[in-house]
Amino acid sequence: MPDNHKYDSLEQFFRKKTGDYEIQYKEEDWLKMEKKLQASAQQTFQRKKLYWIAAASLLILSLFSYAVMDQQGSFNGLTQLFNNETVPGAIDEFPESSTFPGQDQPVPAEEPDDDIVELDPGQAERLTPIPSDDIPDAGAGLANVPDPGSDDAISVEAAAEDIAVYPGMEHLKVEYINIRNHERFDFSLACAGCSLDRLTSIHLGESGLLKKSDEREGTDLLAASYQHDVSGAVSSPPAENVKAFGRLSLGLIAGPDLSTTGSISNFTNPGYNLGFTVEYNINQNLSISTGIVQSEVRYQALGDEYTPSDYYFNQGIHPAETNAVCSILDIPVSVSYRFLHFENSRLYARAGLSSYIMLNEEYRFRYDIESPGQTEIWNDRTGTRHWMSNASLSLGYEVDLLPNWSLRAEPYLKIPVNEIGWGNVKLYSVGSLLSLNYNL
Amino acid sequence: MFKEIIIGCCKRQRKSQKELYKKYYAYGMSITLRYTTSREQAVSILNDAFMKVFDNISGYDIERPFKPWFRKIVVNTAINHYQKNSKLPTPVSLELIGDEIDPSETIISGISYREIIKLIQELSPAYRTVFNLYVIEGFKHHEIAEILGISVGTSKSNLSKAKRNLQDKLEKILTVSHQYAR
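Protein chains in written order, with the working numbering: chain A, 1 to 440; chain B, 1 to 182.
Same shape as in the complex, but just chain B (with noise of 0.2 Å):
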C-alpha cells in the first residue's frame, strides 16, 4: 500500500501526494511546531518540507524507513527557515496554539502535549531551534554548531538558557497549580 502511494508520488499523481501528506502531515506538524511560533508558520515549513519530498521521491529508497527521511527534510526546512529569518525583528503578536492553561491538568505530569509547545514556542528563535536539535532530534553541540553557523560555546549557552527558561516557566506552573490545589 505504502509502496503504491510513493510510485503514485513519483509519477506525480496528485491523489498519490495527498495520501502521503494526510498520512505524515500530523508527524510534520509535530517537528515544526517546535521551531516556529504560529501554527501559520509551521504549515508554511511543512508544505515546503514536502515540496522538497515530491520533488526529491525519485531519489528515496523505498527499501528504507520513509520517517527517517522525512523527518530529516522537515528539520533541515526548518532550520533554513530559521537562518532566513533570524535576522528580521520577531513579530511582536505570537500566535500560540494552546488555549489557556486548564487548572484540572497543572501538575507536571499532567501538562498536555499542546502546553508543551506553548512553553517551547514562548522561547526565542536561538534557544528554541537549539533546544530542539539537542534534546529532541540528539545533535550534539559540534553538529549544532556546524548546522547553524554559531560556536559551540554559543550552542552550549543557548541549551543552557533555554532550559533556564522552561524551568522557570514549568516551575511558575507548578506553584500556580499548588494555590488552585488548595
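Extracted from the complex, chain A is given alone in its bound form (with noise of 0.2 Å):
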C-alpha cells in the first residue's frame, strides 16, 4: 500500500473491517456458476463442430472437383490416343502389298442408304470446300478417300502421315475416316486436332454426300471431307469447351447457413435455405438471377450488438446475450460470370443484393444482473422489410448432369448493407448452397 495512505484513520479502519471477511459458501452460486460452465463447453463444441463441417464440405468439393477435372483429362487423354495411335490391328497389320484388305471379297452392292444426311442450305454455305489445289500434294487430303475394295491404301495411309504434321489442322472437323470391311476389319485415321467424342459432325465437301456413322449398326463412316480454316474464311464454332447454353435457367437449391452478428466470428447453431431461382444468360458467361429463398437464421448477439428502436428493456438493463432464430424471406438479385470453362463443367463468381422480408423473430436474452420483471423471450411475425439489406459474393462450381440439368455448389458469404429486424442487427452470413438446374 502507498506510504500516503496509512496516516488516514478511516481509511485504515475500512481496510482492516474489509479484511475481517466472514462469507459462507453456498452451494447455488456454483450451481450457477456449473450452468455457466455447461454453456461454455457447448457453444466451444458447436464451434469446432461447425469447423469440421465446413473442413469436410470443403474437402468433398475439393474431391468433387479432382474428380471432374480428372474425367476430363481422362477424356482428353483418349482423344490424344485417337490422335496419336491407329486402332490394333489396323494400319500395321496391312499387308507389304498394300492391297487392301478384303479387296478381294465382292462388294456388296450398294443399297439405298436412308442415313445419308444432307446439309441445309445455311450450313452449306459455311463450309469452304477446299479446293483441290490446296490440299498439299503429299496429303492427298481425306477429300479423296478411296473406296472400298480400291487400291488406295497407300494414298490413305500417306494421307495419315500427312495430316498428322499438316499445319493448321486445329480446326480440322473430319473425326475418322473407317474403311468398311466386309470382315468388320476397320482402318481408324484419326486426325490432329479433331475432337474424337463430335461423332455426329457432319459435313460437306467435295467427295460428295457423307454418311453418318452408327455404330450400332456396324456402319462405318465411308469417306469425309475437311474444312481447312486457317484463312478463318469458316466461322469457327465457340470454343469446343463452352456448352451451348439456353437463355433460362431455374433451379431448386438448398444448403446450410450460419450467421452472426458483428462480426465473421461467434457462429452458434445453423440454419438452412431453401427455394427457387430464375436465371436469364445475356450470353454464354454472364448472367443475372432472382428468386425467393426462405431461410431459417440463426446467430447469438451481445451486448450492445442489439439495439431494439423501443427502449424496451426492463429498468434499462440491457441483456448480455440475445439468442435470435428468425424465419426471413430472402429475395436476391445477382449476376454471375463464368470465367472458366471445362467440357461438362464450368467455374463462376456471382455478386448481388438481398432483401429481407421478416416472416418470424424470436429472441431470447440472458442478463448479466437479473432483477424481478425481466423479458426473457420475445416472439412476433413482424412481417418487416428490408430492402437490399445485405451484399453477398460467393464462388461456385457447376457441373452437366444431363443435356439440360445441371448441379451447382456455391459456397457464399453476406455481410450487411443495413441493419435487420426488431434488434436492428448487422448480419453477416456464410454458407453454401447446392441447387439443381434445369435449362430451357
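These are computed hints drawn from the structure, not numbers from a lab. Treat the numbers as computed from the prediction; the structure is a model and nothing was measured. We put the CB at the ideal spot given by N, CA and C, even for glycine. No incorrect hints appear here.
Chain A is faced by these chain B residues, among others (derived, beta-carbon under 7 Å): (1) TYR21; (2) LYS22; (3) ALA26.
Straight-line distance between alpha carbons at most 27 Å, and here's what the computed BS3-like set of lysine-lysine pairs gives: (4) A:LYS49 x B:LYS11; (5) B:LYS118 x A:LYS17; (6) B:LYS84 x A:LYS426; (7) B:LYS52 x B:LYS140; (8) B:LYS18 x B:LYS3; (9) B:LYS11 x B:LYS23; (10) B:LYS140 x B:LYS118; (11) B:LYS84 x A:LYS36; (12) B:LYS161 x A:LYS16.
Using the hints, put the two standalone chains together into the complex.
See the structure below:
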C-alpha cells in the first residue's frame, strides 16, 4: 500500500474491517457457475463441430472437383490416344502388298442408304470446300478417300501421315475415317486436333455426301472431307469446351447457413436455406438471376449489438446476450460471370444484393444482472421489410448431369449493408448452396 | 494439493473447478460485495471472474501465488461491470446483505464486517468504485483515472465525497450508539 494512505484513520479502519470477512459458501452459487461452464463447453463444442463441417465440405468439394477434372483429363487423354495411335490391327497389320484387306471380296451392291444426311443450305454456305489445288501434294486430303476395295490403301496411309503433320489442322472438322471391311476389319484414321466425341459432325465436301457413323449397326463412316480453317473463312464454332447455353434456367436450391452479428465469428447452430431461382443468360458467360429463398437464421448477439428501437428492457438493464431464431424470406438479385469453362462444367463468380422480409422473429435474452420482471423471451411475426439489406459474394462450380440438367455448389458470404430485424442487427452469413438447375 | 487442483482445472475437470471455486469463494465475494449493491450482483461478477480464471488457467504460473492473480481478475471484472452499467439508472431497491444494526455493537470498533460492507454499498457506484480502488486495492489517483477513464481531479473528488459520506454514516451510528448506551 502506498505510504500516504497509512495516516488516514478512516481509510485504515475500512481497510482493516474489509479484511475481516466472514462469508459462508453457498452451493446454489456454484450451481449457477456450473451452468455457465456447461454453456461455455457447449459453445466450444458447437464451434468445433462447425469447423469440422466446413473442413469436410471443403474436402468433399475438392474431391468432387478433382474427380470431374480427372474425368476431363481422361477424356482428353483418350482423344490424344486416338490422335496418336491407330486401332490395333489396323495400319500396322496392313499387308505389305498394300492391297486393301478384303479387296478381293465381292463388294455388296450399294444399298439405298437412308442414313445419308444432306446439310441444309445455311450450313452448306458456311462450309468452305477446299479447292484441290490447296491440298498439299503429299496430303491428298481426306477429300479423296478411296472407295472400299480400291487400291488406294497406300494413299490413305500416306494421307494419314501428312495429316498428322499438316499445319493448321486445329480446326479439322472430320472426325475419322473408317473403311468398311466386310470382315469387320476397321481401319481408323485419326486426325490431329479432332474431337473424337463429335461423332455426329456432318460435313459436305468435295467427295460428296457423307454417312453418319452408327456403331450400333456396324456401319462405318465411308468418307469425309475436311475444312481447312487457316483463313478463318469458316466461322469457327464457339470454343469447344463451352456448352451451348439456353436463355433461361430454373433452379431448386438448398443449403446450410451460419449467421452472426458484429463480425465473422461466434457462430451458433446452423440454419438453412431452401428456395427457387430463375436465371437469365445474357450470353454464355454472363447471367442475371433472382428468386425466393426461405431461410432460417440463427445467431447470437452480444450486448450492444442488439438494439431494439423502443427502450424495451426493464429498468434499462440491457441483456448481455441475445439468442435469435428468425424465419426470413430472402429475395436475391445477382449477376454471375462464368470465367472458366471445362468440357462439362464451369466455374463462376456471383455478386448480388438480398432483400429480407422477416416472417418470424424469436429472441431469448440472458442478463448479467437479474432482476424481477425482466423479459426473457420475445416472439412476433413482424413482417418487416429490409430492401437490399445484405450484399452477397460467392464462387460456384456447375457440372452438367444431363443435357438440360446441371448441379451447382456455391459457397457464399453475405455482409450487411443495413440493419435488419426488430433488434436492428448487422447480420453476417456464410454458407453453401447446392442447386439443381433445369436449363430451358 | 493446490497444484493438483490447478492441473485438474487446466484439463477442465469439473471436480477440480469446484474445489478451486469453494477455496476462493469467500475471498472473491469479499471483493465483489464492495463493488455492488446486492448479493446477486456480487455472485454474478464473481462467477464471471471465475469463468475468466478457468478460461485462462493454463496461463497462470503455478510457482507464483494464486491470490494476487485471482484478485486482479476479480477487480477487473468488477470494474468492467461498473463501466457497463455506469450509464444505466441505479436500481431503486437495494438489497443489503446486513441485518439491522445490532444495538449492542454500535461503538465504532465493534462495527461488524457486514455493517461496513453495508455502508460501502450505500455509496453511489462512482464513489464506491473509487473508494474501493484507492483505499482497499491501493491504486493511486492517476491509475484510477486511467482505469475508469476519468480525470485525476474527478477521482480525487469522488474519493473525498465517498469518505465524507462514510464519515457521516459512522457519526450517525456513533450518535445512535451513545443514545442507546445511555
